[in-house]
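Asker: We have chain W already, so just place chain H on it with the hints.
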Amino acid sequence: MNEFLPFFVIIPLGAGFLTVLLAGRIRHASAVLANLAAGSLLVLSLLCVNSLSRSGTLAFNLGGWASPLGIKVVLDGLSGFILVVVNLVSFLAMIYAASYMRIYTARWKFYALFMLMLAGMNGVLLSGDLFNMYVFLELASISGYALVAFGVEPEDVEASFKYLIMGALASIFILLGIALTYSYASTLNMSDIAHALALSPNSMIITLISILFLTGFGLKAAIVPFHAWLADAHSSAPTPVSAVLSGVFIKTLGIYALSRVFFNILGVTPKILFIFMILGIFSMILGAFLAIIQKDIKRMLAYSSISQVGYIIFALGVGTPLAILGGLFYLLNHAVFKSLLFLNAGTIEYSTGTRDLNKLGGLNSQMPVSGYTSLLGSMSISGIPPLGGFWSKLIIIIAAIQAGFFGFAFVAALVSIVTLGYYFRFQTFAFFGQPVTPGLKIKKAAWSMNLAMIILALIAASSALVLLPGFRNFLDSAVGVLAKGNI
Amino acid sequence: MVLYFLCFVLFCVGLYCILRKRNIIKMIIGLGIVEYSINLFIILTGYRRFGRAPILAHDQQIPNMVDPLPQAMVLTTIVIGLALIVVAVSLAVRIYEKYGTFDITKIRRLRG
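Protein chains in written order, with the working numbering: chain W, 1 to 487; chain H, 1001 to 1112.
So here's chain W without its partners, still in its complex pose (with noise of 0.2 Å):
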């Protein structure tokens, strides 16, 4: 399977190239290529998590130069994980945008673009090397902040505008970062790095390097202090993009890459650990208490992808392999749930035309699909069993009990509650009760539309039979790589 790896990025790259070469030549070639694409990167994702199992990692040399000269391409445990959950989560947002896209126009600038932010994406959960890894996450970004402003909305425009210039300044802090890295252990391997800085530990530069980096990625990942272009522009971009967007592009570019170099590069110590304990607890309650007060459906989620960003970031700090299990396992579920949310918000603007919590009331007679799959997502999300986002919330709290920090443990359940707060509150304005605007007019939803919100529901319903012994094996060897540090 070794071979296989730079097709991650081939593969979208090339469907790109021949997005924009076939359109408006054949009917739909966008829509089918990037479809064709996304299922197959899926597909190649699974087999190569399978032959993980067996060979612990997957590792490729570009063009046949070996390590210290060439660049390498790797595929390990949690990058595998990660990319499992990028492309079954992009996969199921083509199939969405394949009905859901034709209320814009150019249509294949936005399948083209798309295309290159998986690239990106994949890309850099491939990448071996520091500055690879930050050119694909520009890759990534470069195309999100042109997806965001796809619609072209004075809104669009400006949320786009308000995220470039905070993606581009962590950008700069991150290349900062590996320019400095560069220069103190002279390779740009992230094994290599690691090996070089154990030798060397405790220099002054090491802490203005850590500066950097989480400076950079905690812009990238928006938690707290840094979080002010998050719910703009995830509520900005069309639906399928604010699904990718929230669900699996500020994971991995910013949860993935900062456990990257903190455990794997520069190594962890306490002190690194409490600052990220401090800065998921913030983000949670910010998050938490923001997401309350919105009556845009969008800005709602996006808020609450902000609180539940802290509790991921919140379970890496606590550290012990158990509090990393409960991380990545909510890592997992909140990809798909959060995706889930944004394509039901998606669909009630397409088939309302508003997002507004109070104009809308009633609509699960109207729209069943919707109705139940984000009936499914919300209680998943709000932590009610037996659902995934319940058993990873209980282990996050029970990993911080055990460690010592009944506080923090404290305050991880109570805004848990918060959570199923506002998700109550927005299950009760928009599914339930008597319709407040009187001839609001319901277009019905496309069929491609429903399949992805069903499928994406059946993965919710379903996402805790991970943690049973016969597929463990995938969270583990994830947890593994963490746990085992910067050796």
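Since no wrong hints were added, every one of them can be taken at face value.
Distance condition first, Cα-Cα at most 35 Å in a straight line; then the derived DSBU-like pairs of lysine-lysine:
#1 K443/W <-> K295/W
#2 K441/W <-> K1098/H
#3 K109/W <-> K444/W
#4 K1098/H <-> K109/W
#5 K109/W <-> K443/W
#6 K1021/H <-> K295/W
#7 K1098/H <-> K444/W
#8 K1098/H <-> K443/W
#9 K109/W <-> K1021/H
#10 K441/W <-> K109/W
#11 K1026/H <-> K1098/H
#12 K295/W <-> K444/W
#13 K109/W <-> K1026/H
#14 K1106/H <-> K359/W
#15 K441/W <-> K359/W
#16 K443/W <-> K359/W
#17 K1098/H <-> K295/W
#18 K109/W <-> K1106/H
#19 K359/W <-> K1098/H
#20 K1021/H <-> K1098/H
Part of the chain H face toward chain W, derived, beta carbon under 7 Å:
#21 V1034
#22 I1080
#23 A1088
#24 R1094
#25 L1110
Because the hints were derived from the structure by calculation, they are not lab data.
Please read all numbers here as calculations on a predicted model, not as lab measurements.
Glycine residues also receive a C-beta, built at the ideal position from the N, C-alpha and C atoms.
Answerer: Okay, now just chain H, sitting in the frame of chain W:
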């Protein structure tokens, strides 16, 4: 040492420009300045005094050569910077079409 200090000054000028200016075109210019300062810094990390280009020839010994890898990295970051500036400027054009101003304090339709 002077070069590093000047590079840092350039970085601070660009950062000030991004964070404090109200005109979005000036913010984009600040973005460019910061990128140039980082590129300069990466080049400086590979610089050796009186070093030569590391080109291998048959009958030549080069005792003191500069590190070529940062130069290759800078070429890549310049291209990335170009793409970023192009997206930023095209967004600025759209913003001017929709809002009729470049003033970031007047471009506030998103709230909450």
